[in-house]
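Novice: Quick note, the sequences are listed as chains A and B, same order. Heads up: the first sequence is residues 1 to 163, going by the numbering used here. Heads up: the second sequence is residues 164 to 553, going by the numbering used here.
No wet-lab data here; the hints were simulated from the structure. Any given hint could be a false lead.
Restricting the straight-line Cα-Cα distance to at most 30 Å, the calculated cross-link-like pairs of lysine-lysine (DSSO-like) are [claimed, not checked]:
| no. | chain 1 | residue 1 | chain 2 | residue 2 |
| --- | --- | --- | --- | --- |
| 1 | B | K537 | A | K101 |
| 2 | B | K497 | B | K442 |
| 3 | B | K537 | B | K442 |
| 4 | A | K133 | B | K307 |
| 5 | A | K133 | B | K401 |
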Amino acid sequence: MNKQRNEKRLDELISRAINTEKPQFDAEKWKRKYPDEYQTLISRASKKASTHRPNIWRITLRNPITKLAAAAVIILAIRFFSAHQDSSEQTDTSTVSKVTKSPVEMMTALSLERAFRHGGIEAVEKQCREAFKPLGLQPGSISIEQMLTEFNGNSKSSERTRL
Amino acid sequence: MKTIKSRKITMMIFAVLVLLVSAPSVLAYPPDNAAILYYKAFMLYQADDEMNDMLLRFAKGRIELNEKIKEFVNNNRQIVNTVLDASEIKHCDWGLDYSQGTEVLLPPLHKLRQLLGLVLADARIPAQRGDYKTALSRCISVYKMAQHLNERPVILYIVGIAFNAVTNDCIIQILSDMPPDVEMLTWLKCQLAHINKQSFSIKPTLSWKRQAGIISMSPERISDAVHSGIDDGPFKEKVLKRILAADEQFFDRNREYWNRYMDNVEAAFDLPSPQGYAKLKKLDEELTEEFSKNPDSTLTASLFTTWQRIYNLSTRWNTHSNALKSAIEIYMMKAKTGKLPDALPAGLPGDLFSGKPFQYTQTADGFILRCRGKDLEKDEIYEYEFKVKK
């Protein structure tokens, strides 16, 4: 029931965003571009819905004392939660984005500012290094013996080709 | 018929003349844009982490010169020359597309820092054999490189400050190795005064951030900004939900809020420390509080910059530079009179954390300039040590 209502609300928001003529937030495009974030958003909504048990609540809340006690608990819980949430929301620098970013995304001004917030200039440097990291295997240092072996191998194979 | 033929000939002569006039400027070296040479150096220069670390530590005077450093710097002579040539070019256009708002792509900053280590190591090597003019000239070139970084994005400003701070350290080391010499110190003082004329300022950064924020606070661009600027977590989730439910008025109101916020940030940067720092800290706290109850603050909170930290870095670097300028005056007095002054001469630039002159103390091998005000972020009072060569 709740899940359906949530989905309906989300659909309304999305369709309202799509059907207007003026520039609006393109939710469909956003969903395609950032599927991980969309899934996070949806899964949180569905998780909340699936843990909801309306029948038990309906029975319990018929009692007026239970109603009062429940209201008090809810108010206290909201106060406690919002007090902690507000102070931690913006300064939550311990969470590192789980979404893998492309080198281009890592080199934007805002993305590098975020790195600076986390770990200062060293973090900015690390992110730049990561963005410009060459793909695939890198040639390591090679010894004289290895070079000779390689050279002999190549000359043998070229001799073979000639033969 | 004749007229057409003569017109063709005239056109051809004109084309040849244009080519002849423009060819030298096209082929000339160095180019008129320093960024071309920097990008060239970025592509050619390779150094592993160990070497980068060693070069920077040597530049700051933490380790002594060794054969490994000498050989590495010599092998990269061409890169050093390319960077020095770039630093002498007045114009530097990094080719940044500012129409992208906060999503503008920046140059490879790690490469810049690597080149900083290389050039400053190359500055300290001649100082070790007594060629102080070459050594100090290299340092002046790095200040010029930092000026090239005084572009609009916040991160470029921060990297520029880091360049200036490390160069200050390198000059302090060279001055400590150098016997006080009036001529050389006067030359250095003039060079620093010339560099200071082209002020290294936060102003372009603040005005860029305001404009970039406005560009990014649009229905077409906001998702990219949220994606790259905020970590996954409850804050991001709240922002995304508000954006999903947004209409055009939401973006208008958020842009208005942003403009008011940036007015306050700019005003705070005009204040001296510690008032400026306190105001920026308060703005930060207010924004955190506002976010939970006012949807108009959503996008400002999303594009949040740690302004008080940047203000602090700027104060710290300017104080460091003032200590260096004051030290040059003290070294000059030592060169002229043969002894260090008993007290700090009047009229020297002071500690910007307190707005007061430095505390001056003589030591066994030189002198110390100590701040009177505290770095509020690090809860630390800085002191700068200068050695005098006997």
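Novice: With reference to the structure, classify each hint as holding or not holding.
Specialist: Structure-based check of each hint:
Straight-line distance between C-alpha atoms of K537 of chain B and K101 of chain A comes to about 39 Å, which puts the hinted pair past the 30 Å bound. With a C-alpha separation of about 42 Å, the suggested pair K497 of chain B and K442 of chain B falls outside the 30 Å cut-off, and the hint is violated. Note on K537 of chain B and K442 of chain B: the hinted pairing holds, with a Cα-Cα distance of about 16 Å set against a maximum of 30 Å. The suggested pairing of K133 of chain A with K307 of chain B holds, with an alpha-carbon distance near 28 Å, which does not exceed 30 Å.
Restraint check for K133 of chain A and K401 of chain B: not satisfied, since their Cα atoms lie roughly 34 Å apart, outside the 30 Å limit.
Against the hints set out earlier in the document, violations occur for numbers 1, 2, 5.
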